[in-house]
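Novice: Top to bottom, those sequences are chains H and Y.
Each residue of the first sequence is one higher than the one before, starting from 1 at the first, in the numbering used here.
Each residue of the second sequence is one higher than the one before, starting from 1001 at the first, in the numbering used here.
Treat the hints with care, as some may be off.
[Unchecked claim] Derived Cβ-Cβ restraints for the label pairs, each shown as a range:
id, chain 1, residue 1, chain 2, residue 2, range
1, H, Val170, Y, Ala1025, 55 to 65 angstroms
2, H, Arg74, Y, Ile1105, 31 to 41 angstroms
3, H, Arg74, Y, Arg1170, 50 to 60 angstroms
4, H, Arg59, Y, Pro1096, 21 to 31 angstroms
5, Y, Arg1170, H, Leu282, 48 to 58 angstroms
6, Y, Leu1122, H, Glu65, 54 to 64 angstroms
7, H, Phe13, Y, Ala1025, 47 to 57 angstroms
8, H, Leu183, Y, Leu1107, 24 to 34 angstroms
9, Y, Val1022, H, Arg74, 54 to 64 angstroms
Read the hints as simulated data drawn from the structure, not as lab findings.
From the three backbone atoms N, C-alpha and C, an ideal C-beta is built for every residue, glycine too.
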Amino acid sequence: MSFLSIDGVVKSFGPTTVVKDFDLRVERGEFVSFLGPSGCGKTTMLRMIAGFERPSAGRIVIDGEDVTDLAASRRRIGMVFQAYALFPNLSVHDNVAFGLKVAGRPKREIGPRVEEMLTLVGLPHLSNRYPYQLSGGQQQRVALARALAPSPRVLLLDEPLSALDAKIRVSLREQIRALQRELGITTIFVTHDQEEALSMSDRIAVMSEGRIQQCATPFEIYNRPSTRFVAGFVGTLSLIDGVRAEGAGAIVDGTRIELSETPPVAEGAPLTLTLRPEAVKLEPSSDRPNRLTGEVRDAHFMGSVVRLDVHVAGSSVLVDTFNRSAVPPPARGERIDLYFAPADVGLLADRPQT
Amino acid sequence: MSAPATTPGGRRASRAGPWIVVVLAILYFLLPLVATFEFSLSMLRGVWSFEAYKSVFSDTRFRETFTFSVIAALVTIIVGSLLIVPTAYWVRLKFPKLRPLVEFITLLPLVIPPIVLVFGYLRLYNSSSFLPFTGSANGTYVLLIFGYVVLSMPYMYRAVDTGMAAIDIRTLTEAGESLGANRITVLFKVILPNVRAAVLSGAFLSFAIVIGEFVLASLLNQPAFGPYLALVGTHKAYEPSALAMIAFAVTWACMGLLQLAGRKRTARRVAAPLAVKPNQGSQA
């Protein structure tokens, strides 16, 4: 049985339903991200796991215990907020000790535990400081230590990096992930930043309009998006409209494209192919039998990478090529051939929009 | 070259206005005080003396009534805080839509004169009513305290509510709850310490109101300082001035003590709001 299971959870505020029929199983020690644009219901779902909101329908079970109607204070969860939410009147030490004191742990246990937690987040020297004396990154690390101190069953992270500047964001996310692995704590991470989700998670639940669009490993989410929404939201992806051909193939602009799998639609039916910019090459090779011809619309020179926007059969196909000093990038209006492997062509399950 | 020449002149001219206002305000507040003080010293003809003060201090009723009022003020502050702080917290947290209504209710004591309040009390809680508060000395005292709490409510609520606006009570509450604390613990361990300065400023105002209060104390026949001051004022000349000066000094001293008591526990921290306001827009 899964450690955390969410069964058919629905949440409505008045007439608006923000979370619709949410199902998820999370294993012990797993790091799962809720990724989606703002307003997709990811924070609301997290708040329901925390106990700050009550589901309109459905069940939430943690470690075999149905917590759906349990008060937040009795769920034994740890939460880190975007706004840090450290208690301004307490020192760093007392902030971290708060949960332990509330739980009635003996004093002789609290001191060493606080030390241990602060060492874990790398701030043992700041235990006498007050929150206003710390930088944002330090405050968030204290918040993390505070959430972890009472040994919660689940760690909930609500966009904990969004308020920090870029450099600290990257280092802190690595730190959070390393800590999570070390402690083996089941973690739910809410973010709208795909890079964060891709780099940190065991699995990502991509959400849109209150539903999970796809829940899979970062590798799968990135390489095999199952819906148009996921394809568009995660990474850069070119969408090419075509029709199903005989066998594992599709017809785009009169050219047959070989696919690695047989599309689940009838022959002649429209389908959407996906291509990552880095999978498309300008040179043919034996493992890249597919070829499309298009007109260069734009060439963005970005240093080591040159991104080409190529117009193919009404679709815009993006191509990333490495810069080579000997070969200048193709000029606008030039017609070029694009080569790619069948395995790099994705298929969207939902119908192309007309 | 002309610019530096005119700038200082212009500055001097623009500064004169505020200074005049400040001087006028100081005169407005200080002149009556100085005049009262001067009068209180002139009980003996031709010389300045503390004769009036001697007379005041020799009256045991002065000490009795003043102590009574100081205690009543402290009790009012305690009862008022216990009533107002949880109310303001709860309204902000759970019923933000009710805030205008609650604000209106807390402002009513400013609109309704205390005389109306006390007559209402006497009518509702007289010795033959279902709640005969005025039937006993203790009951009347309780009624007096309730009245004082009502009178100080507008100031107390405003101060506390403003204090709560400065911290993100919702997120702090949720942080406390996620760490296993119930709402009561959150209120006393997290919210209250962070609005202590606000509660304290509400307490000062309550203190000042209660010390000089006349109507409630007089009509409920309580041995408070206000009625005593009025009584002395009706049949003595120099003593009321001395009393006023003493009351003025002692009230300030009491407030100073309150502030010290409050400072002691908050000395190590600056009232710092959360470093980052929660980004409501990004809440999914």
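Novice: Which of the listed hints are not met by the structure?
Specialist: 3, 8
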